[in-house]
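With the numbering used here applied, the sequence shown covers 1 to 253.
Be careful, since some hints might not be right.
[Stated by the list, open to error] In silico lysine to aspartate or glutamate, DMTMM-like type, Cα no more than 20 Å apart, as pairs:
id: 1; residue 1: 191; residue 2: 55
id: 2; residue 1: 2; residue 2: 18
id: 3; residue 1: 85; residue 2: 55
id: 4; residue 1: 191; residue 2: 220
id: 5; residue 1: 2; residue 2: 22
id: 6; residue 1: 26; residue 2: 50
id: 7; residue 1: 120; residue 2: 198
id: 8; residue 1: 26; residue 2: 69
id: 9; residue 1: 3; residue 2: 38
id: 10; residue 1: 26; residue 2: 38
id: 11; residue 1: 229; residue 2: 192
id: 12; residue 1: 105; residue 2: 81
id: 13; residue 1: 141; residue 2: 92
id: 14; residue 1: 85; residue 2: 167
id: 15; residue 1: 136; residue 2: 171
id: 16; residue 1: 2; residue 2: 21
id: 17; residue 1: 141; residue 2: 55
id: 18; residue 1: 61; residue 2: 38
[To be verified] The following label-pair restraints were derived from C-beta to C-beta distances:
id: 19; residue 1: 133; residue 2: 166; range: 27 to 33 Å
id: 20; residue 1: 45; residue 2: 195; range: 27 to 33 Å
id: 21; residue 1: 45; residue 2: 24; range: 29 to 35 Å
id: 22; residue 1: 160; residue 2: 100; range: 16 to 22 Å
For the record, the hints were derived by calculation from the structure and aren't laboratory data. Heads up, the beta-carbon is just placed ideally off N, CA and C, and yes, glycines get one too.
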Amino acid sequence: MKKEQIVDVLETIATLLELQEENPFKIRAYTNAARSIEAWGGNLRELAEENRLQEIPGVGKAIAGKISELVLTGESTFFAELRSKFPPGILELFGLPGLGAKKIKALYEKLQVGSIADLKKACEMGRVAELPGFGKTTQDKLIATISNRAKHVGSFQLGAVAAEAEELLDDLRQHPGATQVSSAGSYRRRKEIVRDLDFIVATQAPEAITEFFVGHALVESVSARGATKTSVRLHSGIQADLRVVSTAEYPFA
1 MKKEQIVDVL ETIATLLELQ EENPFKIRAY TNAARSIEAW GGNLRELAEE
51 NRLQEIPGVG KAIAGKISEL VLTGESTFFA ELRSKFPPGI LELFGLPGLG
101 AKKIKALYEK LQVGSIADLK KACEMGRVAE LPGFGKTTQD KLIATISNRA
151 KHVGSFQLGA VAAEAEELLD DLRQHPGATQ VSSAGSYRRR KEIVRDLDFI
201 VATQAPEAIT EFFVGHALVE SVSARGATKT SVRLHSGIQA DLRVVSTAEY
251 PFA
């Protein structure tokens, strides 16, 4: 299995563990390992064959074993078992602003919502508004988000979004409040198909960075805005996500 695929598996494991309400430190361990593998420039197969994967910063013994299995066999028993507990479409719900692991878990357990199509149907029936912690306002926002998403459904060629991504990166780097700036996800890995753009900024002025981001000329609309994560839609139609972190958190964001 290629490095990019291993990173995707580790990130998906972290997401599924969130749905299981696992220990936050365990979830963070998988996120950190994915970040470390993504940045690692060495030969993963060589390290796996020599049982030396723990030499990679952020990779502990337990996760090293799972990475080794992925590298050498292309499969992971742990990942397969974890994935079998949830419908395949449930992961796409994380792409909707305002839905975190707790709410997605509630939707799945109470309404059997396992995909965006299921969520749309539940919203149209008024069932989401009846759930504790949701209400009609949240339901209406979800309907609008799903409708807007349908207009921009699909993927984007790397070349089609590279100019926007690089312009945003350059402008964020020039912001006086930004200490470190990088892209993440599929764009950073230069995949041919990109579903969204992810940016990480280390800063001591998160509000200023967020304000600059949502007010950028490339931004068409703001989907969600929080203390540490903000999602916008660019004029090209692609979603762009910003995460603001401290300098200490940056290597593991």
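Cross-check of the supplied hints:
Pair hint residue 191 plus residue 55 does not hold up; C-alpha atoms about 27 Å apart against a cutoff of 20 Å. The straight-line distance between the Cα atoms of residue 2 and residue 18 is roughly 25 Å, outside the 20 Å bound, and the hint therefore fails. Taking the CA atoms of residue 85 and residue 55, the gap is near 32 Å; set against the 20 Å cutoff, the hint is violated. Taking the CA atoms of residue 191 and residue 220, the gap is near 24 Å; set against the 20 Å cutoff, the hint is violated.
Taken as a hint, the residue 2 and residue 22 pair is broken in the structure, with Cα atoms around 27 Å apart against an allowance of 20 Å. Distance hint between residue 26 and residue 50 is unfulfilled; the C-alpha atoms sit about 25 Å from each other, more than 20 Å. In summary, the hint linking residue 120 to residue 198 is not supported, as the alpha carbons are separated by about 26 Å, beyond the 20 Å threshold. With a C-alpha separation of about 19 Å, the suggested pair residue 26 and residue 69 falls inside the 20 Å cut-off, and the hint holds.
Straight-line distance between C-alpha atoms of residue 3 and residue 38 comes to about 7 Å, which keeps the hinted pair within the 20 Å bound. Restraint check for residue 26 and residue 38: the C-alpha separation of about 19 Å stays at or below 20 Å, so the hint holds. A C-alpha spacing of about 25 Å is found between residue 229 and residue 192, which places the hinted pair above 20 Å, so the restraint is violated. Taking the CA atoms of residue 105 and residue 81, the gap is near 18 Å; set against the 20 Å cutoff, the hint holds.
In summary, the hint linking residue 141 to residue 92 is supported, as the alpha carbons are separated by about 17 Å, within the 20 Å threshold. A hinted pair counts as satisfied when its Cα atoms are at most 20 Å apart, and residue 85 with residue 167 does not qualify at roughly 41 Å. Distance check on the hinted pair: residue 136 and residue 171 sit about 38 Å apart at the alpha-carbon level, beyond 20 Å; violated. Proposed proximity of residue 2 and residue 21 is contradicted: the alpha carbons are some 29 Å apart, above 20 Å.
Between residue 141 and residue 55 the CA atoms are separated by roughly 46 Å; this puts the pair beyond 20 Å, and the hint is violated. The suggested pairing of residue 61 with residue 38 holds, with an alpha-carbon distance near 18 Å, which does not exceed 20 Å. Taking the beta carbon of each, residue 133 and residue 166 are about 39 Å apart, not inside 27 to 33 Å as hinted. Under the hint 27 to 33 Å, the C-beta atoms of residue 45 and residue 195, about 28 Å apart, fit the expected range.
The supplied range of 29 to 35 Å is met by residue 45 and residue 24, whose beta-carbon atoms lie about 31 Å from each other. Between residue 160 and residue 100 the beta carbon distance is about 30 Å. The supplied range of 16 to 22 Å is therefore violated.
In this structure, the hints that do not hold are numbers 1, 2, 3, 4, 5, 6, 7, 11, 14, 15, 16, 17, 19 and 22, in rising order.
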